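Undergrad: In case you want the letters, here they are:
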Amino acid sequence: AQKVTQTQTSISVVEKTTVTMDCVYETRDSSYFLFWYKQTASGEIVFLIRQDSYKKENATVGHYSLNFQKPKSSIGLIITATQIEDSAVYFCAMRVMDSNYQLIWGSGTKLIIKP
Amino acid sequence: GPKVLQIPSHQIIDMGQMVTLNCDPVSNHLYFYWYKQILGQQMEFLVNFYNGKVMEKSKLFKDQFSVERPDGSYFTLKIQPTALEDSAVYFCASSLALRLSNERLFFGHGTKLSVL
Numbered sequence: 404a405q406k407v408t409q410t411q412t413s414i415s416v417v418e419k420t421t422v423t424m425d426c427v428y429e430t431r432d433s434s435y436f437l438f439w440y441k442q443t444a445s446g447e448i449v450f451l452i453r454q455d456s457y458k459k460e461n462a463t464v465g466h467y468s469l470n471f472q473k474p475k476s477s478i479g480l481i482i483t484a485t486q487i488e489d490s491a492v493y494f495c496a497m498r499v500m501d502s503n504y505q506l507i508w509g510s511g512t513k514l515i516i517k518p
Numbered sequence: 060g061p062k063v064l065q066i067p068s069h070q071i072i073d074m075g076q077m078v079t080l081n082c083d084p085v086s087n088h089l090y091f092y093w094y095k096q097i098l099g100q101q102m103e104f105l106v107n108f109y110n111g112k113v114m115e116k117s118k119l120f121k122d123q124f125s126v127e128r129p130d131g132s133y134f135t136l137k138i139q140p141t142a143l144e145d146s147a148v149y150f151c152a153s154s155l156a157l158r159l160s161n162e163r164l165f166f167g168h169g170t171k172l173s174v175l
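Here the protein sequences line up with chains W and H, keeping their order.
With the numbering used here applied, the first sequence covers 404 to 518.
With the numbering used here applied, the second sequence covers 60 to 175.
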């Protein structure tokens with residue numbers, strides 16, 4: 404079975420600090436793609452960053468980076484220099500290559516950035 | 060950046076009625092999706108659509124659900140008849156390519172459906 408798990412329901416940090424959000428996944432496929440999306444208070448869902456399973460290097464986009472630990476089936480999202488506007492719900496999702504077309508989502512982590 | 064528009068943002072209907080949720084995907088995108096999110100829970104895939112056909116659907120895509128995109132118009136999700144458990148936020152998404160499994164999806168803001 405394929406599954407994505409985010410155990411942290413809510414995290415609160417002070418702005419300008421670094422935060423890590425956890426995500427673990429389950430799949431028997433050797434090729435897969437891992438995504439992080441952000442859902443703002445308005446409901447908008449925005450793509451942040453992606454990791455391809457065959458790439459060893461951790462993906463980095465702006466102040467988002469990933470901690471990809473393939474042996475542990477883990478794909479943590481790291482946000483450095485957090486800002487108030489980073490407050491949102493962050494979803495981890497997985498798509499398996501050449502299989503079904505759907506994204507399998509985690510339950511989300513609510514991130515609160517305090518001044 | 061590219062935008063997916065969903066109309067309306069909120070729809071309230073009585074159980075048993077029909078409802079149509081409308082989505083205007085990114086203009087050059089070819090693949091369209093509907094996802095369902097019950098408040099506080101994760102997003103769940105309903106269906107995807109390409110070239111006038113349903114490509115894949117989940118168990119949540121009940122017989123009462125249907126999708127279509129007549130030429131040049133909205134990509135729609137129709138529920139007929141509605142049930143109380145259909146209350147959720149429905150997100151439309153689109154993407155340019157599907158066979159590239161690393162393709163990102165562009166999402167709309169969602170339509171909140173309240174079935175009374």
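Note that these hints are calculated values from the structure, not bench results.
Some hints could be false.
Said to hold, decoys possible - Pairs of lysine-lysine residues, derived as BS3-like cross-links and limited to a Cα-Cα distance of at most 30 angstroms, are as follows:
1. Lys458/W to Lys475/W
2. Lys121/H to Lys406/W
3. Lys406/W to Lys171/H
4. Lys459/W to Lys112/H
5. Lys458/W to Lys517/W
6. Lys171/H to Lys517/W
7. Lys406/W to Lys118/H
8. Lys112/H to Lys137/H
9. Lys121/H to Lys517/W
10. Lys121/H to Lys62/H
11. Lys116/H to Lys419/W
12. Lys406/W to Lys62/H
13. Lys517/W to Lys459/W
14. Lys513/W to Lys112/H
Claimed, not checked - Computed spacing ranges between beta-carbons, pair by pair:
15. Asp130/H to Thr408/W: 26 to 32 angstroms
16. Gly111/H to Val417/W: 38 to 44 angstroms
17. Lys458/W to Pro61/H: 39 to 45 angstroms
No experiment lies behind these values; they were computed from the predicted model shown.
Quick reminder that beta carbons are idealized off the backbone N, C-alpha and C, glycines included.
Undergrad: Hints first: check each against the structure and report whether it holds.
TA: Checked hints:
1. As the CA atoms of Lys458/W and Lys475/W are separated by approximately 15 angstroms, the hinted pair is consistent with the 30 angstroms bound.
2. Under the criterion of a C-alpha separation no larger than 30 angstroms, the hint pairing Lys121/H with Lys406/W is consistent with the structure, at around 22 angstroms.
3. Taking the CA atoms of Lys406/W and Lys171/H, the gap is near 26 angstroms; set against the 30 angstroms cutoff, the hint holds.
4. Taking the CA atoms of Lys459/W and Lys112/H, the gap is about 37 angstroms. The hint is violated against a cut of 30 angstroms.
5. A distance of roughly 35 angstroms separates the Cα atoms of Lys458/W and Lys517/W; the hinted pair therefore is violated under the 30 angstroms criterion.
6. Taken as a hint, the Lys171/H and Lys517/W pair is honoured in the structure, with Cα atoms around 29 angstroms apart against an allowance of 30 angstroms.
7. Taken as a hint, the Lys406/W and Lys118/H pair is honoured in the structure, with Cα atoms around 16 angstroms apart against an allowance of 30 angstroms.
8. Annotation: proposed proximity of Lys112/H to Lys137/H holds, straight-line Cα distance about 15 angstroms (limit 30 angstroms).
9. For the hint pairing Lys121/H with Lys517/W, the CA-to-CA distance comes to about 42 angstroms; that exceeds 30 angstroms, so the pair is violated.
10. Taking the CA atoms of Lys121/H and Lys62/H, the gap is about 28 angstroms. The hint holds against a cut of 30 angstroms.
11. For the suggested pair Lys116/H and Lys419/W, the alpha carbons sit about 42 angstroms apart, so the restraint of at most 30 angstroms is broken.
12. A C-alpha spacing of about 29 angstroms is found between Lys406/W and Lys62/H, which places the hinted pair at or below 30 angstroms, so the restraint holds.
13. For the proposed pair Lys517/W and Lys459/W, the alpha carbon gap of about 34 angstroms is over 30 angstroms, so the pair is violated.
14. A distance of roughly 36 angstroms separates the Cα atoms of Lys513/W and Lys112/H; the hinted pair therefore is violated under the 30 angstroms criterion.
15. Distance hint for Asp130/H and Thr408/W: a CB-CB separation of about 42 angstroms, inconsistent with the stated range 26 to 32 angstroms.
16. Taking the beta carbon of each, Gly111/H and Val417/W are about 51 angstroms apart, not inside 38 to 44 angstroms as hinted.
17. A hinted range of 39 to 45 angstroms for the beta carbons of Lys458/W and Pro61/H is inconsistent with their spacing of about 25 angstroms.
Of the numbered hints listed earlier, those contradicted by the structure are 4, 5, 9, 11, 13, 14, 15, 16 and 17.
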